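Chains S and E, in that order, give the protein sequences. So in the working numbering, spot 30 of the first sequence is number 30, and the numbers just go up one at a time. So in the working numbering, spot 186 of the second sequence is number 186, and the numbers just go up one at a time.
Please keep in mind that the hints were generated in silico from the structure rather than gathered at the bench. No false leads were slipped in.
Heads up, the list lumps identical chains together, so a pair's fine if it works in one copy or across two of them.
Okay, derived cross-link-like pairs now, SDA-like style, lysine to any residue, Cα gap no bigger than 20 Å in a straight line:
#1 Lys68 - Glu78
#2 Lys280 - Gly211
#3 Lys280 - Gly268
#4 Lys104 - Asp126
#5 Lys103 - Asn132
#6 Lys103 - Gln120
#7 Lys103 - Val165
Note that the structure is predicted; figures quoted are calculated from it, not measured.
2 protein chains.
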Amino acid sequence: FAPLLKRTEITSAISFPLIVRGDILGVLNISRTAEDVFFSESDKEMLGIICGQAALALENVRSLEMAKKTTRMRTLFEQYVAPEVAEILLAGDANIMGLGEIKKATVLFADIRNFTSLVQHLELSDLRMFLNEFFQVFTDTIFQHSGTVDKFMGDAVLAVFGAPVQLENASRAAVRTALLLRERFEALRSRWAEHVENFQTVDLGIAVTSGRMYIGNVGSNRRLDYTVIGTPVNIAQRLAAESSQCRIYVTAPVREAVCGDIPTEDVGNLLLRGVEQRVKVFSV
Amino acid sequence: FAPLLKRTEITSAISFPLIVRGDILGVLNISRTAEDVFFSESDKEMLGIICGQAALALENVRSLEMAKKTTRMRTLFEQYVAPEVAEILLAGDANIMGLGEIKKATVLFADIRNFTSLVQHLELSDLRMFLNEFFQVFTDTIFQHSGTVDKFMGDAVLAVFGAPVQLENASRAAVRTALLLRERFEALRSRWAEHVENFQTVDLGIAVTSGRMYIGNVGSNRRLDYTVIGTPVNIAQRLAAESSQCRIYVTAPVREAVCGDIPTEDVGNLLLRGVEQRVKVFSV
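Just need the whole structure built from these sequences, with the hints factored in.
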């Protein structure tokens, strides 16, 4: 108010706080410079009404903006942690780090073979465009079969079936996802190979495993990850690295779950780095 | 109202909507069953005042709950995508998928060696407890040096220095982080080794690389990841897999940036899977 008080031409002034529910949103100042004309009681009354309306209007805008911000944040959150995970996290109580359980689930691991050398020949902007198309195909296909996209890791994707969303036959859903992924990836790859030669040597490794794993939050209070951990996850990653020519590798429990629907071929007992016992593997 | 209308003992009734800013939050019904006593005009007036107050109180609670929800979501969002990334994403406009840039940055990749075999001997609950302690040590150390935790991947961590948070010497910050991580990891490992024998063979591989990379959103409109992609990231991952006995591997540009502060040793030109040219490597 200090600068206003210094202005000697002001003969009459009135200040009205804009109050909504006890919060002062602002103050409305009205000054008159005409000589001998002062604010009357009825002016004050009318201004009181106007300020009440103005404060309410301001509050409405504030409320609306907050609602918009909340909606936007929710949308973003769902994009970054998966919608079904967002729901669990937002419903959870204060003990967010304890959120998780040990249960049987199926994981699908897919990674692009020969991708590191491809990256060296691609412009970063092209690389990013390709990865966006790749991830679009993958998320669409995984969502279509009610799986959850756990993570993208460079050229790899980890998806979970049967948790947190319950599925009648999680392994069947995962193998059907794998079959469709293989087909759609090949279409994507050959389209890119028309323009960039290096895409001819690119291949997709896919593996599906199932078993008991921990699914839930891992991390620290400053940085969390809702993910899956356990031997089946490690085996899926190693198997995807072993598979080639777009063969889908599955373990015995997965084969058992899908056998009636999808024919499989015996690949043998593979020795995987870090895994002590040989793993019985089938290909689809 | 239908059930109320059927109750013949009601002689006089009054309904008041609870309105705040045009929204009807609810309706207050008051009925009288005493004979010959009806609601008067003054009753109506008083109820009007009470309902106005009640509606305001309800709205206050709603507002407060929304504010609490927004705050909680923001906290969660920051935990899952890193605080500095959350800030960028929330400030961004509608074109969220386009958010990103190509720039020079430093990455640190660390993964636990012999972890897959360790997982097979650990209870899932112990595994989770160990990973939580591991991630706690890592995030604390990375945050301490103004780095961003990009991702946890099972037993591995990817951190970025110099983007999105600008740093004067990103490589120096990353190497100092690596040195402290090595020390803290060894303390954690030997503590666990006292109880679980398999922790004796566990080791940490760390690599620091720098160069031009894409940093920003990758993914589809249904699932996004704010991450880094490019050859330096792939090299860091491969180098971490090569390093052992807790040696920290760094590339030539990183060595150049830290040379005055931290002594390095020439490891030679390594041939890394998928990387065409041999990479000049130094150890710290």
